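Please model the complete structure; the sequences and the hints are all you need to start from.
In terms of numbering that gives the first Met the number 0, the sequence shown opens at residue 0 and continues consecutively.
Source of the hints: derived by calculation from the structure; they are not laboratory data. Zero decoy hints are in this set.
When the alpha-carbon atoms are kept at most 25 Å apart in a straight line, the in silico DMTMM-like pairs for lysine to aspartate or glutamate are as follows:
(1) K33 with D237
(2) K245 with D91
(3) K34 with D237
(4) K191 with D91
Using C-beta positions, here's what the derived DEER-type ranges look like:
(5) V205 with Y254: 35 to 43 Å
(6) V53 with G9: 21 to 29 Å
(7) F214 with P241: 30 to 38 Å
(8) G184 with I137: 24 to 32 Å
(9) T218 with K34: 40 to 48 Å
(10) T183 with V85: 34 to 42 Å
Nothing here was measured: the structure is a model prediction, and the numbers come from that model. Quick reminder that beta carbons are idealized off the backbone N, C-alpha and C, glycines included.
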Amino acid sequence: MDGNVLLALGLTLFAGLATGLGALIAFFTSRTNKKFLSVALGFSAGVMIYVSLVEIFVKAKDALTTSLGETEGYWMTVIGFFGGMVFIALIDRFIPKKNNPHEVKTVEDVHEAELNSKVIDEQKLMKMGVFTALAIAIHNFPEGIATFMSAIQDPSVGVAIAIAVAIHNIPEGIAVAVPIYFATGNRKKSFKLSFLSGLAEPIGAVVAYLILMPFLTDTMFGIIFAAVAGIMVFISLDELLPAAKKYDETHLSIYGLVAGMAVMALSLLLLA
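Shown next, in the form of structure tokens:
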């Protein structure tokens, strides 16, 4: 296993385990810095959108046009791009709304849950937490493949995507930890489940390495990379930007978005 593969696996592990950080934030802080959350989520979206459309899509197109020809390769790139969007949309479609990881939770939700836990059935809270953990695990699996494949092709792009994914995994960790903690009163158990839900990300990377890598031709690489671009853009538009706008003040989410794009553009220029 070469260094590039180890780096890609490590980046995916880092991104996935940010769910555990979300659980810790929920337990040990009294309030959410909503301005920072808005900027951070916007920044994450900016990084993902820019790198997907400017770098990943272009590399997918180059690989496919080289192997299939100009016209057929371009068509296949577009099909792969929207195929990635359809894939992640179908995953979201079959996750119940109340358990959907796109429903961002803040630290204030912990305190609200604490008040409500006296009147809400503890079994229902536990069920909600477990289903949320499962939903996030399903959601994180393709993100793990996307982060891994990006890092294999270009480590600098992989680092940027891993950081962006980690930022948006933190609220997901809160979403798992909140109901489980108030159902059981056990911080260790709620942290463990939050932590484990993030492991779907490195598992996705391992699956990509074991199943996809041995058969990776230029054509397959191009299709996968185009799908990765579609997945990242969909996540940004469907999850990150709406969440950032939810806590927005004076256009902070858009400033974060532009900053994310600018930082990604500068890093690609410097590392070119």
